[in-house]
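> With the sequences and hints as input, model every part of the structure.
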Amino acid sequence: MNEIPVEKSQGLLMIVSAPSGAGKTSICRKILQMFPNVRFSVSCTTRPPRPGETDGKDYEFISTEEFRERIARGEFVEWVENYGQLYGTSRKTMNAFLKQGFDLILDVEPRGAKAIREQCPQGVLIFILPPSLSDLKSRLSRRGENGAVMANRLQSSLDEIREALWYDYIIFNDRLEDAVDRFRAVYIAERSRRDRFTERIEAFFKDE
Numbered sequence: 052m053n054e055i056p057v058e059k060s061q062g063l064l065m066i067v068s069a070p071s072g073a074g075k076t077s078i079c080r081k082i083l084q085m086f087p088n089v090r091f092s093v094s095c096t097t098r099p100p101r102p103g104e105t106d107g108k109d110y111e112f113i114s115t116e117e118f119r120e121r122i123a124r125g126e127f128v129e130w131v132e133n134y135g136q137l138y139g140t141s142r143k144t145m146n147a148f149l150k151q152g153f154d155l156i157l158d159v160e161p162r163g164a165k166a167i168r169e170q171c172p173q174g175v176l177i178f179i180l181p182p183s184l185s186d187l188k189s190r191l192s193r194r195g196e197n198g199a200v201m202a203n204r205l206q207s208s209l210d211e212i213r214e215a216l217w218y219d220y221i222i223f224n225d226r227l228e229d230a231v232d233r234f235r236a237v238y239i240a241e242r243s244r245r246d247r248f249t250e251r252i253e254a255f256f257k258d259e
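Residue 176 in the numbering used here sits at position 125 of the sequence shown, with consecutive numbering throughout.
These are computed hints drawn from the structure, not numbers from a lab.
For every residue, glycine included, the Cβ atom is placed at its ideal position computed from N, Cα and C.
Possibly wrong hints are sitting among the right ones.
[As the list claims (entries may be wrong)] Here are the computed lysine to aspartate or glutamate pairs in the EDC-like style, where the Cα-Cα straight-line distance is at most 20 angstroms:
#, residue 1, residue 2
1, 143, 158
2, 165, 126
3, 188, 210
4, 143, 126
[Unchecked claim] Between beta-carbon pairs, the in silico distance windows are:
#, residue 1, residue 2, range
5, 185, 76, 17 to 27 angstroms
6, 112, 153, 19 to 29 angstroms
7, 207, 236, 20 to 30 angstroms
8, 252, 226, 31 to 41 angstroms
9, 250, 199, 54 to 64 angstroms
So, in C-alpha cells, the structure goes:
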C-alpha cells in the first residue's frame, strides 16, 4: 500500500483499540471534552442502529450494498467484518480532518489498525486494557448476555489483546480518571515531538 504523505501542519492521527468492555469510549469522550482541537472519526457500518445511537454521530449507517460499492471504489482506509456486519473508516473523512489541522481519534480493532499503520506510519497506536482478566470477565458479565455470547466476546477480546504488543502505547484502565490522564500524557507528548517543530525552530535563524 502507498503511504499517505504527512505535512508538518497536518493533525495528529491517534488509532485507538481495546477489547470489549475496556472503557475505550468513555476515555475518548473525556479527551474530546478536554481538547477542542481533537475530533472523533465516525465509522461506517451496515449494522442497524442501537437505541440512543444517532446516524452521523455514533456511526454512519449504510446498506451492505453501498458499503461494498465503497470498498470497490477504495473509499475505506480500513474495513473489517464482525458478527456478519461490516465496519469501515472513510479515507476522505480522515484526510479532511487531518489536512485542516485537527487531531483525530480513530476507533478501530487491531486488524484495521494494522491496515492504517501500513498507509499512515506517522499515526500513533494506543491500546486500552482492563487491569486484569478477572476484571475483563466482570465487565463483560455486566452486559447481561447469555453464556455463549459472553464466551464468544471473551475469546474475541483475548484475541485482540494478543495484538497489543505491537502498539506504541498501552493504557490500563483500572480507574477512569487515571486512564484519561495517561491518554492525555500520550497526546501531549506526541504533540510535542521534535519533527512537528522543525520549521518553527529554523525560523529563529532566518534573519541572522
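> Does each hint hold? Answer for all of them.
Against the structure, the hints come out as follows:
no. : hint                          : in the structure
1   : 143 x 158                     : holds, 16 angstroms
2   : 165 x 126                     : holds, 17 angstroms
3   : 188 x 210                     : holds, 14 angstroms
4   : 143 x 126                     : holds, 7 angstroms
5   : 185 x 76: 17 to 27 angstroms  : holds, 22 angstroms
6   : 112 x 153: 19 to 29 angstroms : holds, 23 angstroms
7   : 207 x 236: 20 to 30 angstroms : holds, 29 angstroms
8   : 252 x 226: 31 to 41 angstroms : holds, 38 angstroms
9   : 250 x 199: 54 to 64 angstroms : holds, 57 angstroms
Hint check: no violations occur; every hint is consistent with the structure.
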